[in-house]
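Visitor: For reference, the chains in residue letters:
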Amino acid sequence: MSEHNLDDDTDGAPTFPSGLALRRLLPLAGGTLSYLPIAFLLLALLAGIQVWLPQLVKAAIDGPLAGIGTVSSAEALDQLQALSNLFLGLLVFGFIVDYAAALLLHRFGQTLVLNLRLALFSKLHRLPVAYFDKNAAGRVVSRVVNDSNALSEMFSSVLAPGLGDLLLLTAIFATLLTTDPQLGLTLLWFLPALLGLVAWFRKASSPLYKVQRRLLAIINGFLGEVLEGLSTVKSFGGANFLRTRFDKLNRECYDNEVALIHKISIFRPMFYVAQTLATGILLTLGGIGVLQGKMSLGTLVSSLLYVRLLFSPLEELAERYNILLRASVASGRVLELLDLREEPTGKTEPAHRQTIEFEHVSYHYSPDKPVLKDVSFSIGPGETVALVGPTGSGKSTIISLLLGFYQLDPQLKHQGEIRYAGVPFEQLDLNLWRRRMAFVSQDLFLFKASVAMNIGLYESFEDDRIQAAVEGSGVSKLLSELPEGLSTVVGEKGHTLSTGQRQLLSFARALAFDPEFLILDEATANIDSETEAQLEQVLDRLLEGRQAVIVAHRLATVRRANTILVLSEGQIVERGSHDSLMALGGLYSEMVRKAESLHRDR
Amino acid sequence: MKEENSPQTSARGLRRLLQLLAVYRWHTLGGLLGVVITDLVTLVVPWLTKLLVDRLEARTIQETELLWWGAFILFLGILSFLAKKLWRHLILGASKRIEADLRRQLLDKTMAMTSIRARSTENGKFLSLASNDIPAVGQALAFGIIALFDAVFITTVATGMMFKLSVVLTGWALLPFPILALVMAVAMRLIYRRWDSAQSSLEILTEKTRESLAGIRTLRSYVQSRGDIVSFSEKNHHYLEQMISYVKVDASFNPFILLLAGSSTAVLLKVGGALVVEGKLTVGDLAAFIGYLGLLTWPMIAAGWMLVLLQRGSASIDRLDEILTHEGEPELELPETGLPACLLEVKNLTFSYPGAAKPSLVDWSFACRPGQTIGIVGPVGSGKSTLVRLLLALETIPAQSVFIDGQDLSSLDHRTIRQFFSPVLQEPFLFSDSIANNLRLAHAQATDQQLGEAVVAADLAEDLALFPKGLKTELGERGISLSGGQRQRAALARAWLKPSPILLLDDTLSAVDTLTEQRILSRLRDRGEDRRGLILISHRLSAVMTADEILVTRAGKIVDRGTHRELAGRAGLYQELLRRQAQEDEESELV
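Heads up: the sequence lines are chains D and Z, in that order. Position 377, counted from 1, in the first sequence is what the numbering used here calls 377; the numbers after and before it change by one each time, with no gaps. To get the numbering used here, take the position in the second sequence, counting from 1, and add 602.
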């Protein structure tokens, strides 16, 4: 709910989605685009009916009712009956037209955003993965869901009904102006006055609304945190401290509400004043017209009905304007997302079980902060390379480059080349390349789905294959503890798993996908010794006959590697086997010594 | 936006709403007066219309008099403007005040909740109390009650006026209105029900998108985009269907009102016209009728809406009352100077969780003198965390088991017990607020110097230096997120700040690297002047080795005790733990 208003900063936004934006969005409606002109026609028809109805009242007053005495009463009654029937008929017709137009418009709007959401979501799957490092998930979700909804709202409840209202207003004023130009012109003045009022209200209230949303979000977040951290609050006796802070926010919020009420209590009642004033003017000017014989009584009464019709569209203008603004901002953001550069991919099918080479690779996110400096190494078939080094030394960047999440871009002055079987990475078909490998991350992301789905993802693996992976990874013991085995739902609000169990599960996934090439980011968090031993076993199985890059945290794992690369500040400072590095007496041996001495202490 | 399918207006809920309003009774009465004035003005206009039309028809009125009437109508408009402004100010103001009051009460009652209750309160539901139910109560008060009064008043008077003009015609003209009201009431429910299912379908879609984004690296590295897009597309279509089904009802709403309200005018033309022809009614009467019918349309439409508002409001206040009427427990307030050092004694403590088959703690005895450090080690399930919960009075302390300076803690109330202990839990909770405010939670009046000392004690100073705003750095959603180790150290600083005689560290430094851990522990050891007792619970032996006494625990029992030297020297669990950790050398972490 609050997410809807997460970032609807409409300051300085164009008030209307540009023609270009509309031209790009409208085709998304597909076949329902043809509903649009039909709906407009229906709305025009409806405006006609609405203007016609008071004319029937006028006809009655000026016809059978005015001529009492001159026409026979039977004839008058007949005429009244006919008028009443026509009135009712028009009403029913109007109802059908109105409802049909609304349905068509909604169907059109909803279909458009249905396709828009799909286009946006698919786009997310084609963007470079680096995009998600820089953009908070909440905002991206809001692009896909809320922004597209804002657009649907614009089509279904602003543009079309607004056009309908515009037609109605025009028709009313046209009628008023033709029957009595003086009266019509006088009432015409209300239009700019009320538009001014709407503009004033919008300007005066929108910053207040913005503050309101912000404060309420903070206050509600505050309350949620107090519940979540209640033990903390209690054990520290922080209640009074929190209360003081809360009261300040709550007061601020209330003061803002009062300021808002000031504006609201002028805006709405002003419309009423305008309507009363218009009625007064009508009765006076119209009355004088009647006295002077320039206007019929029927015209006067029907004009009163027109005045009633006049105000409701204007009253809704403020809200519609807001929707329009939101939609305009939304359409800008949505198109921006759709226009983002997609992940580049080559077309060459990667060979099988060949050497990967990094040659003088330098990489950075911003030019002043190099992440990798002149990194060269190679991983031959069946080889395991361990990456060792402190946080921020460039280990995970190497992994992202291998996965194609990051790519070397000469335009950004990235240097060097990464090759597989001699083919530069840019020329490889990325999807095929990724199919060759399995990425086991430090903390497996659990989808809220069954264990089976978390292992096999969307692949339709045979049950046997999943079963084999489960057994091979030692997950079977874990499964026996789960209430519904493989079908147990895990993930958020589902069954929770420990870090060790998660890593086992991610090993199971890797086994199921049976990759040629394994990328493993080893888990660091506390894992009990039993699970630990299990992990070691499975790791042996996983590494067998596969190429692998491991971000290693444990000595045991590091020793397994054919080559250890010691990274520091983006550079490979040492490389070699465990023994040769220990003999070297450099950074690696120091790290090992330090780790071992800590354990001797214990 | 979850709502029961057909919320029943509970009498209790309605009574509660009125009670809330009664607090601001003068606002309410003033507001109602404003409504009455507004309505009377509104009701006069059609009557004036009748008067003028009749006299115009009979030509018994002069132009100057017409101008006076025009001025009078303008005056009425201004009067009504003022009355409307008045009631909006009073009623909306009161409802916002009530919303603010409710939020504050919610905070108070939340802070007074027992921890058992807090644990059983779902976060999502609780948040919905604040973000949906409180505004729903405000809406019911601001519009539900006033609009209901408005609708009833205007309907009664307008109908009365119409009766005065012509009983027969009123009967005919009002014919469509009960149908309108009935249809509205039914349609409203249908609309809300369908809206709710559309909303929950949207929630599913949102959640799907969120999840895919969170797992995008997995999905992309395993080339699962196609499957994921198909899964999204299914939910996308489902939402479309729900929306269309909602729109089908919702879009019929306005056209239907036009139809039914308009049909009254059709009846008027035929029946009323006939009465005019028969000379029983004037054209002015007819015009007035049209005016009154126009006034009646709004209350009929609003009736359904108001009922829904009241239903929602009363259901909401019922939900809120589940928490607001709860007694809770008193809050802790520390004496500003803090408490002097004291002696903690645990004697033959045995404890089982309510309903548990086996006791979690069996016959625990130990003492912690001022300035002493007690270490507690043992595998998972040894009862360490239960001890912490007991000492923090988050569970009920058994009688004659825990004593502070000889006084039985079970005879003291929660807040007194909690004064004695300052805890750091393994997964500490920090608020989305500045670091300073997070620390001050433990000691609101702490001086900057005290804050500084706590920061140094917890080895957080270097980290703070890296943050742009130091102690004023905001955490959480609107600020930065700390690493696990930083969180634990910030929590340690907070605990350090609380002027309690005993520090309670429950596996506090599990996410802190070993070197930093040693640095912090040595600072804690050499706390010098500070005569605070220290209870260190850890799964790493290195954390407790220098304690004055180490308790070795397993399966709820203390199986061995002594200093590191003593324990390391004899066969037992401690030795076994030592050996196992030596083995784990293999798995030692390089960084």
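Wrong hints could be hidden among the right ones.
[What the hints assert, rightly or not] In silico DSBU-like cross-links for lysine-lysine, where the CA-CA straight-line distance does not exceed 35 Å:
1. K294/D with K850/Z
2. K960/Z with K448/D
3. K949/Z with K369/D
4. K448/D with K727/Z
5. K373/D with K1071/Z
6. K134/D with K1074/Z
7. K850/Z with K347/D
8. K263/D with K711/Z
9. K1159/Z with K960/Z
10. K263/D with K727/Z
11. K134/D with K1071/Z
12. K1159/Z with K477/D
13. K850/Z with K248/D
14. K727/Z with K210/D
15. K687/Z with K248/D
16. K1071/Z with K448/D
17. K850/Z with K448/D
18. K687/Z with K210/D
19. K134/D with K203/D
20. K837/Z with K123/D
21. K58/D with K766/Z
22. K594/D with K1071/Z
23. K123/D with K872/Z
24. K134/D with K850/Z
25. K210/D with K850/Z
26. K1159/Z with K294/D
27. K1071/Z with K248/D
28. K960/Z with K687/Z
29. K872/Z with K58/D
30. K1071/Z with K369/D
31. K263/D with K837/Z
32. K1074/Z with K294/D
33. K248/D with K1074/Z
34. K837/Z with K134/D
35. K248/D with K872/Z
36. K123/D with K882/Z
37. K58/D with K1159/Z
38. K477/D with K850/Z
39. K766/Z with K872/Z
40. K210/D with K1159/Z
Derived by calculation from the structure, the hints in this document are not laboratory data.
Visitor: Against the 35 Å threshold, does the CA-CA distance of K1071/Z and K248/D hold or violate the hint?
Guide: holds (22 Å)
Visitor: Would you check the hint for K872/Z and K58/D, treating anything up to 35 Å between C-alpha atoms as holding?
Guide: holds (14 Å)
Visitor: Quickly compare the C-alpha distance for K134/D and K1074/Z to 35 Å and report which way the hint goes.
Guide: holds (25 Å)
Visitor: Is K294/D within 35 Å of K850/Z, Cα to Cα?
Guide: violated (47 Å)
Visitor: When you check the alpha-carbon spacing of K837/Z and K134/D, does it fall within 35 Å?
Guide: With Cα atoms ~27 Å apart, K837/Z and K134/D stay inside 35 Å; holds.
Visitor: Taken at face value, is the distance from the CA of K248/D to the CA of K850/Z at most 35 Å?
Guide: violated (45 Å)
Visitor: Below or equal to 35 Å on CA atoms is what counts here, so check K210/D against K1159/Z.
Guide: Between K210/D and K1159/Z the Cα gap is close to 58 Å, so the pair fails against 35 Å, i.e. violated.
Visitor: Given the hint that K766/Z pairs with K872/Z, does the C-alpha gap stay at or below 35 Å?
Guide: The hint holds at about 20 Å.
Visitor: Could you grab the alpha-carbon distance between K960/Z and K687/Z and see if it respects the 35 Å cut-off?
Guide: violated (67 Å)
Visitor: Can you confirm whether the C-alpha distance between K263/D and K711/Z stays at or below 35 Å?
Guide: holds (34 Å)
Visitor: Quickly compare the C-alpha distance for K960/Z and K448/D to 35 Å and report which way the hint goes.
Guide: Judged against 35 Å, a Cα distance of about 34 Å means the pair holds.
Visitor: Is the Cα-Cα distance between K1071/Z and K448/D 35 Å or less?
Guide: violated (38 Å)
Hint compliance for this structure: hints 1, 3, 7, 13, 16, 23, 24, 26, 28, 31, 32, 35, 36, 37, 38, 40 are broken, all remaining hints hold.
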